[in-house]
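**Q** Respectively, the protein sequence lines represent chains A and B. This note's numbering puts the last residue of the first sequence at 115; the count rises by one with no breaks. This note's numbering puts the last residue of the second sequence at 114; the count rises by one with no breaks.
These are calculated hints, taken from the structure and not from any lab test. Backbone N, C-alpha and C fix where the C-beta goes; we use that ideal spot for every residue, glycine too. Among the hints, erroneous ones may be present.
[Unchecked claim] Per label pair, the in silico range of CB-to-CB distance:
| no. | chain 1 | residue 1 | chain 2 | residue 2 | range |
| --- | --- | --- | --- | --- | --- |
| 1 | A | Lys71 | B | Ser70 | 44 to 52 Å |
| 2 | A | Arg16 | B | Pro79 | 18 to 26 Å |
| 3 | A | Tyr10 | B | Ala111 | 22 to 30 Å |
| 4 | B | Pro79 | A | Glu68 | 31 to 39 Å |
| 5 | A | Ile12 | B | Glu66 | 25 to 33 Å |
| 6 | B | Ala111 | A | Gly72 | 24 to 32 Å |
| 7 | A | Asp74 | B | Ala54 | 44 to 52 Å |
| 8 | A | Lys44 | B | Ala54 | 28 to 36 Å |
| 9 | A | Ala5 | B | Pro40 | 26 to 34 Å |
| 10 | B | Ser70 | A | Glu68 | 24 to 32 Å |
| 11 | B | Ala54 | A | Asn52 | 45 to 53 Å |
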Amino acid sequence: EAGVAQSPRYKIIEKRQSVAFWCNPISGHATLYWYQQILGQGPKLLIQFQNNGVVDDSQLPKDRFSAERLKGVDSTLKIQPAKLEDSAVYLCASSLGPGGEETQYFGPGTRLLVL
Amino acid sequence: AQSVTQLGSHVSVSEGALVLLRCNYSSSVPPYLFWYVQYPNQGLQLLLKYTSAATLVKGINGFEAEFKKSETSFHLTKPSAHMSDAAEYFCAVSPGGGYNKLIFGAGTRLAVHP
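From just these sequences and the hints, can you work out the full model?
**A** Following this line, the structure appears as structure tokens:
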């Protein structure tokens, strides 16, 4: 079974530029998550989708970050404009359903460096 | 609000020694608890999870963890460390209910010396 796919793996941009990340979850997984992992910290949830609907985006900086999951399968996360503090690893995860006991499966992440 | 505290950002053990990584949580409702491992430049991989069945949970690669409600702890152990266990370990709590938001600790980096 294929895992969660993410691209690109690495991205270097200058501040105020825009960037987009792509995620393809495990086939059949209805729930998709985007996490931000800053160096030296644990991952922090940015947004959670159930199929193509948003169920939690309380920690998403909506003035610069946006995400969509059209057709309830793959997803894109965009940052526009980027700030220095956005340098982090962006992890995508998916699970069969939204229940608290469900295992989340993580992709390899996209490492973003903002100069 | 739920939170997770991992005591010790760095732990160093000798190969063959006991591994003990500490995790304490706070939760107003019975939680679901997880341990994930992260190898360099990789995503997180589930080691084990507690979902209110047995309090002693066995995971992959010889790891296990015990849920202790009275101590609000979920420490991760392995009887004998292997060089390949060197990685970063994250404890996480999910508040349960309808939606599965994982709240992670800051992580513990495990080093294993020959």
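**Q** So, for every hint listed, does it hold in this structure?
**A** Against the structure, the hints come out as follows:
| no. | hint | result |
| --- | --- | --- |
| 1 | A:Lys71 - B:Ser70: 44 to 52 Å | holds (47 Å) |
| 2 | A:Arg16 - B:Pro79: 18 to 26 Å | violated (52 Å) |
| 3 | A:Tyr10 - B:Ala111: 22 to 30 Å | holds (25 Å) |
| 4 | B:Pro79 - A:Glu68: 31 to 39 Å | violated (47 Å) |
| 5 | A:Ile12 - B:Glu66: 25 to 33 Å | violated (43 Å) |
| 6 | B:Ala111 - A:Gly72: 24 to 32 Å | violated (42 Å) |
| 7 | A:Asp74 - B:Ala54: 44 to 52 Å | violated (37 Å) |
| 8 | A:Lys44 - B:Ala54: 28 to 36 Å | holds (30 Å) |
| 9 | A:Ala5 - B:Pro40: 26 to 34 Å | violated (19 Å) |
| 10 | B:Ser70 - A:Glu68: 24 to 32 Å | violated (45 Å) |
| 11 | B:Ala54 - A:Asn52: 45 to 53 Å | violated (37 Å) |
Of the numbered hints stated above, those contradicted by the structure are hints 2, 4, 5, 6, 7, 9, 10 and 11, listed in ascending order.
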